[in-house]
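Student: Chain by chain, the residues run as shown.
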Amino acid sequence: NAGVTQTPKFRVLKTGQSMTLLCAQDMNHEYMYWYRQDPGMGLRLIHYSVGEGTTAKGEVPDGYNVSRLKKQNFLLGLESAAPSQTSVYFCASSNPGGYGKNIQYFGAGTRLSVL
Amino acid sequence: EDQVTQSPEALRLQEGESSSLNCSYTVSGLRGLFWYRQDPGKGPEFLFTLYSAGEEKEKERLKATLTKKESFLHITAPKPEDSATYLCAVQNNAGNMLTFGGGTRLMVKP
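Those protein sequences? They're chains A and B, same order as listed.
The first sequence maps to residues 14 to 128 in my numbering.
The second sequence maps to residues 5 to 114 in my numbering.
Same shape as in the complex, but just chain B (with noise of 0.2 angstroms):
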């Protein structure tokens, strides 16, 4: 059984103050790594997806990371906008569906 486990549950962070989001993962056979981002009351919108160990992507002040155990959102610099939760899912090789991680919620205070 795939499972994801976020952390920390929740994290607080004054703007400009850079730090890191883990996800960490078992998947029988990785066919992708999502990143979600979801305000309050609103749906998840996609951020990311990884496939491989070692690939990296970015946008504006986040970066994804992924090795074949966990995943690292890195927020550098972030802003009060960039306070949201952070949704960390795997989709495994048998098929579409993807098993989420229980979130992130950052708060980031100007």
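The shape of chain A in the complex, shown without the other chains (with noise of 0.2 angstroms):
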């Protein structure tokens, strides 16, 4: 059982190129999300989706777009990328309820620098 798996795992890229993370899950969930992680900072969530063909901002939305044309896969797009993006990405899911099925799950990152 895979979980949540994401592709890449590194990536370098230079000022205002473009790029997109994978990110892909196997438990039948409803909810996926992109977070980023920055030293000192935490994670912060980029965007959201609810289901299939549903997407949301989140607390850092700028800069970022995503999409969700399967269930299984959620894509976090950087159109132009910008020496603050430099970052380590979480993509996680889970299935919305409450007690005890609102757990998220997290993939191993990617980790983007843009020079």
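Rather than coming from a laboratory, the hints here were simulated on the basis of the structure.
For glycine and all other residues, C-beta sits at the position ideal for the given N, C-alpha and C.
Keep in mind that a hint or two might mislead.
[Stated by the list, open to error] Partial selection, computed: residues in chain A whose CB lies under 10 angstroms from chain B:
(1) Q19
(2) V63
(3) G71
(4) E72
(5) F103
(6) A105
(7) P109
(8) N115
(9) I116
(10) G122
(11) R124
[Stated by the list, open to error] With a straight-line Cα cutoff of 27 angstroms, these simulated DSS-like cross-link-like pairs (lysine-lysine) come out:
(12) K46(B) x K83(B)
(13) K84(A) x K46(B)
(14) K27(A) x K46(B)
(15) K46(B) x K83(A)
(16) K46(B) x K61(B)
(17) K46(B) x K22(A)
(18) K70(A) x K83(A)
(19) K22(A) x K83(A)
(20) K46(B) x K70(A)
(21) K61(B) x K73(B)
(22) K113(B) x K46(B)
(23) K61(B) x K83(B)
(24) K46(B) x K72(B)
(25) K46(B) x K63(B)
(26) K83(B) x K67(B)
With the hints in hand, could you dock these two chains into one complex?
Tutor: Written out as structure tokens, the structure is:
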């Protein structure tokens, strides 16, 4: 059982380049999330999706776009990368609900450097 | 706006030296408080969820407790393999989103 898989694991971009990060989950979860993690700032939510075909903005959405064309996949795009987007990106997934059902499970992360 | 503050930022312990990590929070209607463990170069790994004040959960050397304003992660007789960053997060009644604290980096020396 793979859980949440992120590709690529590492990437170096030049300022202005574009790229797409892929997240795939095999747990049949409805909700998916993209976070970024910077030193001393914890995890911050970029965008999220509550189901196939839906997306919504999180705390720090500027400079990013997302798509959820299939339930198991959630893509994060950077159209014109900036040095401020150098970070570690994590994808997570969960099911909605109450007690014991709303746990988010995380992927291993993508380490992105923008030069 | 929900807020989570973790202290200390870093904690060095000798093997066997018990201690506690603190997570203070403000939230508009607590749906759940989550503890995660994160090893270097890896994603957060789920440990516990606490849902109401007074609740406690245990796993091996870890015990999490919850009050209306804070949560503690007690580590009893830690071992070097307990070294990691421990993250606390809250979820409010409005949805499934988590607000994370900055984490406590725990280092246990043999």
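Student: Could you run down the list of hints and mark each one as holding or not?
Tutor: Going down the list of hints, with the structure as the test:
1. Q19: 8 angstroms, holds
2. V63: 8 angstroms, holds
3. G71: 7 angstroms, holds
4. E72: 8 angstroms, holds
5. F103: 5 angstroms, holds
6. A105: A105(A) check passes; min Cβ-Cβ to chain B is 8 angstroms, inside 10 angstroms.
7. P109: Given a least distance of 6 angstroms, the restraint on P109(A) holds.
8. N115: For N115(A), the interface hint holds, since the closest Cβ of chain B sits about 5 angstroms away, which is under 10 angstroms.
9. I116: At 5 angstroms from the nearest chain B Cβ, I116(A) passes the 10 angstroms test, so the hint holds.
10. G122: With Cβ-Cβ at 5 angstroms, under 10 angstroms, it holds.
11. R124: 8 angstroms, holds
12. K46(B) x K83(B): It holds: about 20 angstroms lies between the C-alpha atoms, which stays within 27 angstroms.
13. K84(A) x K46(B): With a Cα-Cα distance of about 24 angstroms, the restraint between K84(A) and K46(B) holds, given a limit of 27 angstroms.
14. K27(A) x K46(B): Judged against 27 angstroms, a Cα distance of about 25 angstroms means the pair holds.
15. K46(B) x K83(A): 25 angstroms, holds
16. K46(B) x K61(B): Distance of about 24 angstroms is within 27 angstroms: holds.
17. K46(B) x K22(A): 10 angstroms, holds
18. K70(A) x K83(A): Since the Cα atoms of K70(A) and K83(A) sit roughly 19 angstroms apart, the hinted pair holds (cutoff 27 angstroms).
19. K22(A) x K83(A): OK: K22(A) and K83(A) at ~21 angstroms, within 27 angstroms.
20. K46(B) x K70(A): 25 angstroms, holds
21. K61(B) x K73(B): Since the Cα atoms of K61(B) and K73(B) sit roughly 17 angstroms apart, the hinted pair holds (cutoff 27 angstroms).
22. K113(B) x K46(B): 21 angstroms, holds
23. K61(B) x K83(B): Given pair K61(B), K83(B) holds - Cα atoms ~19 angstroms apart, limit 27 angstroms.
24. K46(B) x K72(B): 31 angstroms, violated
25. K46(B) x K63(B): 20 angstroms, holds
26. K83(B) x K67(B): Judged against 27 angstroms, a Cα distance of about 15 angstroms means the pair holds.
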